[in-house]
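There are 2 protein chains.
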Amino acid sequence: MRKLLQERIVPILGGSTLSDAADCGPVDGCVVVSTDSFVVAPLFFPGGDIGSLAVCGTVNDLAVSGAKPLWLTLSLIIEEGLPLPLLERVLRSVADAARQCDVQVIAGDTKVVPRGAADQLFINTTGIGVKRQSNELSCTALRPSDVLLVSGPIGQHGIAVLVAREQLSLTPMPVSDCAPLHVACAALQDELGVDLRAMRDATRGGVSAVLHEWSEASGTTMKLNESLLPIAPAVRGACELLGLDALYVANEGTFVAAVAPQAVDRAIAALHAVQVSSQAIAIGEVIERGNSAVVIERLFGRLHPVDEPSGAPLPRIC
Amino acid sequence: MRKLLQERIVPILGGSTLSDAADCGPVDGCVVVSTDSFVVAPLFFPGGDIGSLAVCGTVNDLAVSGAKPLWLTLSLIIEEGLPLPLLERVLRSVADAARQCDVQVIAGDTKVVPRGAADQLFINTTGIGVKRQSNELSCTALRPSDVLLVSGPIGQHGIAVLVAREQLSLTPMPVSDCAPLHVACAALQDELGVDLRAMRDATRGGVSAVLHEWSEASGTTMKLNESLLPIAPAVRGACELLGLDALYVANEGTFVAAVAPQAVDRAIAALHAVQVSSQAIAIGEVIERGNSAVVIERLFGRLHPVDEPSGAPLPRIC
Numbered sequence: 004m005r006k007l008l009q010e011r012i013v014p015i016l017g018g019s020t021l022s023d024a025a026d027c028g029p030v031d032g033c034v035v036v037s038t039d040s041f042v043v044a045p046l047f048f049p050g051g052d053i054g055s056l057a058v059c060g061t062v063n064d065l066a067v068s069g070a071k072p073l074w075l076t077l078s079l080i081i082e083e084g085l086p087l088p089l090l091e092r093v094l095r096s097v098a099d100a101a102r103q104c105d106v107q108v109i110a111g112d113t114k115v116v117p118r119g120a121a122d123q124l125f126i127n128t129t130g131i132g133v134k135r136q137s138n139e140l141s142c143t144a145l146r147p148s149d150v151l152l153v154s155g156p157i158g159q160h161g162i163a164v165l166v167a168r169e170q171l172s173l174t175p176m177p178v179s180d181c182a183p184l185h186v187a188c189a190a191l192q193d194e195l196g197v198d199l200r201a202m203r204d205a206t207r208g209g210v211s212a213v214l215h216e217w218s219e220a221s222g223t224t225m226k227l228n229e230s231l232l233p234i235a236p237a238v239r240g241a242c243e244l245l246g247l248d249a250l251y252v253a254n255e256g257t258f259v260a261a262v263a264p265q266a267v268d269r270a271i272a273a274l275h276a277v278q279v280s281s282q283a284i285a286i287g288e289v290i291e292r293g294n295s296a297v298v299i300e301r302l303f304g305r306l307h308p309v310d311e312p313s314g315a316p317l318p319r320i321c
Numbered sequence: 004m005r006k007l008l009q010e011r012i013v014p015i016l017g018g019s020t021l022s023d024a025a026d027c028g029p030v031d032g033c034v035v036v037s038t039d040s041f042v043v044a045p046l047f048f049p050g051g052d053i054g055s056l057a058v059c060g061t062v063n064d065l066a067v068s069g070a071k072p073l074w075l076t077l078s079l080i081i082e083e084g085l086p087l088p089l090l091e092r093v094l095r096s097v098a099d100a101a102r103q104c105d106v107q108v109i110a111g112d113t114k115v116v117p118r119g120a121a122d123q124l125f126i127n128t129t130g131i132g133v134k135r136q137s138n139e140l141s142c143t144a145l146r147p148s149d150v151l152l153v154s155g156p157i158g159q160h161g162i163a164v165l166v167a168r169e170q171l172s173l174t175p176m177p178v179s180d181c182a183p184l185h186v187a188c189a190a191l192q193d194e195l196g197v198d199l200r201a202m203r204d205a206t207r208g209g210v211s212a213v214l215h216e217w218s219e220a221s222g223t224t225m226k227l228n229e230s231l232l233p234i235a236p237a238v239r240g241a242c243e244l245l246g247l248d249a250l251y252v253a254n255e256g257t258f259v260a261a262v263a264p265q266a267v268d269r270a271i272a273a274l275h276a277v278q279v280s281s282q283a284i285a286i287g288e289v290i291e292r293g294n295s296a297v298v299i300e301r302l303f304g305r306l307h308p309v310d311e312p313s314g315a316p317l318p319r320i321c
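Chains as they are written, first to last, in my numbering: chain A, 4 to 321; chain B, 4 to 321.
Hint data in this document are derived by calculation from the structure and do not stem from the laboratory.
Beta carbons are placed, not taken as given, at the ideal position from N, Cα and C, and that holds for glycine.
Fair warning: there could be bad hints in the mix.
When the alpha-carbon atoms are kept at most 27 Å apart in a straight line, the in silico DSS-like pairs for lysine-lysine are as follows [to be verified]:
1) 6(A) - 71(B)
2) 6(B) - 134(A)
3) 134(B) - 71(B)
4) 71(A) - 134(A)
5) 71(A) - 6(B)
6) 71(B) - 134(A)
Which chain A residues face chain B? A few, computed with CB under 8 Å, are given here [to be verified]:
7) 40
8) 276
9) 279
10) 292
11) 293
Computed Cβ-Cβ distance ranges for the label pairs, DEER-style [what the hints assert, rightly or not]:
12) 92(A) - 172(B): 44 to 54 Å
13) 92(B) - 9(A): 34 to 44 Å
14) 9(B) - 308(A): 30 to 40 Å
15) 11(A) - 103(B): 43 to 53 Å
16) 119(A) - 245(B): 21 to 31 Å
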C-alpha cells in the first residue's frame, strides 16, 4: 500500500501535504483534515461494527495528529438488498460514536449500487479538526534515546475481525479495541508539550507499520523489547493458531507515541489517567540507525530485524 | 433516496445541517463541507471519467452553495485486479480536474478489496471551501415571480453514461457535460448579490429533483415552459429511443438558479460570459403554490404536473 501510494498516487497528485505518510493533511495553519474508507467484513464484530469503526478511525487520525476533532462527513455505498434494520443499526452506531467523540456529522451522501457491485456496505468518513497546540508533532523529530510507548494491548482489532469473519470459536473470544483516542491523545499532549515527538494510531500493518514509517522519516532505528509488548491472551492464542505476529495486526483504539526520555514517567501517568490508555506501557526506544529500520530484542536477548509489513495478510479489517 | 435520507438516516444522525436537503453542510460561519461517493459505471465515458467526475461533482456542490472550493480529500476503494494503468489514468484525471478547479488534494486513503467485493473502483471526495459572500443562498427564499434558469443543455451526463454502459451506437454520440461550475457560480453571485436566491447542480434526478426540493422548501410551485428547455439533439434522440425524460436525467456540469425577476437579464449576461454556462437560459418561473409542486407548460399550452423522480431509472451514473 505504501509502495502504491509513493510510486503511483503521490507522484500524480503531487500535493506537498499528501507526500508525508500520515493520513492527515493540514489545510491551513490550524485546520486538519483526514479521510478514510471502511470496507470491513463482517460489518459487525466483537467490540464494534463498521459504524463505530468509521467514526473512531477518522477521529483517531485527527487525534494522533494533535488536532481536536470537530466535524465528520459520512458517505455510504450500499449494496442493493442490504436489510434496512441492519443499515439503521450501523447508523445508530455512527451516531453513538460521534456523540462519544463530541463530533458533529455535518454532511452526507448515499449511493446504492446493484447487487454484486459492492459487498453490503462501505463507509467513507472525512474528519475535520483544529490543531490543539502550536508546536508541531512530527515523526521526523524522533531522535536516539526517545522512548516508544503503546497506549494499550496490541493486535486486538485485526484478530477480532478475522476470528469473526472465519467464524472460529475461540475461548476467550478476541474483542476489537475499537475506541476513540482523542481524550488520551489530548492528555498526553497537554502533559508533555514539546517532549511529545509524535503519535500514530497503529491501524493497517499494526505497530510494525508505524515504526517503519517513523524510522524512514527520522533516519533512526526503532528498537523494541519483546518482553514488554502488551498482548492479551486471546490475541496471543489466536496469533499462534493462525501463524500471525501481533506486531503486524491492526489496532483501532491503540496508538504508538514517541516521547523524550525524561518525559516517560509523566507520559505513562497521563495515559493511565484515561480509561482507553490505562494499560499504556513503554515498549522500546529509538536508537542510532543500524542495518535494520526496526529491530526487536527477543526474550533471550538477541536482536532480530522486524520486516516491513507487505501484502495483505488480513484484508478488509478496516 | 430522499425518502431514505429523511426517514431513516437524518432521524438517527440528527444534525441540523444534515436535515436541509442540500449535499453541503456549513461547519461554522464560513467553512462549507461537502462529501460524495462516486460509483459510476463504466469508469470512462464520453466527456469524462470517474476521476474528473469526482472532482467536479464535489467542487460543484460547494460552488452552488456559494462557497469557493479550496481543498479536496480523495479516498479510493479499489477492486483487486484493477489494472494499474487504468488507475493511473483516473488519478491523472483527478489531478487535471483539481488543477482546473484550483483546489488542492490534501488527504487521501486507499483500500483494496478482494475481487468481486467491489466493481473496479469507487471514489469518495470530500470538499472544503469558504463562503464567498455573507448573504445566504437558500431555496427557502424562493418566492412567486422569481425566474428559474439553467446554465446549459440538460440531461447530457446521464445519457452519455447510459449509452456508454449499454454500448449503444448513436450518431451523434451524447457527451457528458461533466465540468466545474465554480467560475460560473461565482460570476452569478458577484453580479446578482441578494437578487440570487439559490443555485443547485442538477445531478441525480436531474432538473426535476432540484425543483421538487425547492418547491417543498419554499412552499411554492415551479412552473416550467417546455419550449424553453435546452436539450441537445443527441440527448433528445437518446431520450426518445430509451423512453426517458431529460428533465429527470442527471447533469454534472449544469446548474439551476432562481433569481429575482428584475435580475434575469444581468444573470443571463453574467453566465454567458463564462464558457461552461454560455448557453444559460430562463426555463420557467416560481408561482404561488398550486396542486402540483412542479408543472410544465407543454408545447400546446396545457399545464402538466411533473412528478418527483422515484426509483433508480439510471443507476450508477455518478
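Evaluated hints:
no.: 1; hint: 6(A) - 71(B); verdict: violated (34 Å)
no.: 2; hint: 6(B) - 134(A); verdict: violated (38 Å)
no.: 3; hint: 134(B) - 71(B); verdict: holds (6 Å)
no.: 4; hint: 71(A) - 134(A); verdict: holds (6 Å)
no.: 5; hint: 71(A) - 6(B); verdict: violated (34 Å)
no.: 6; hint: 71(B) - 134(A); verdict: holds (23 Å)
no.: 7; hint: 40; verdict: holds (4 Å)
no.: 8; hint: 276; verdict: violated (31 Å)
no.: 9; hint: 279; verdict: violated (23 Å)
no.: 10; hint: 292; verdict: violated (29 Å)
no.: 11; hint: 293; verdict: violated (31 Å)
no.: 12; hint: 92(A) - 172(B): 44 to 54 Å; verdict: holds (46 Å)
no.: 13; hint: 92(B) - 9(A): 34 to 44 Å; verdict: violated (19 Å)
no.: 14; hint: 9(B) - 308(A): 30 to 40 Å; verdict: violated (56 Å)
no.: 15; hint: 11(A) - 103(B): 43 to 53 Å; verdict: violated (22 Å)
no.: 16; hint: 119(A) - 245(B): 21 to 31 Å; verdict: holds (23 Å)
Checked against the numbered hints given earlier, this structure breaks hints 1, 2, 5, 8, 9, 10, 11, 13, 14, 15; the rest are met.
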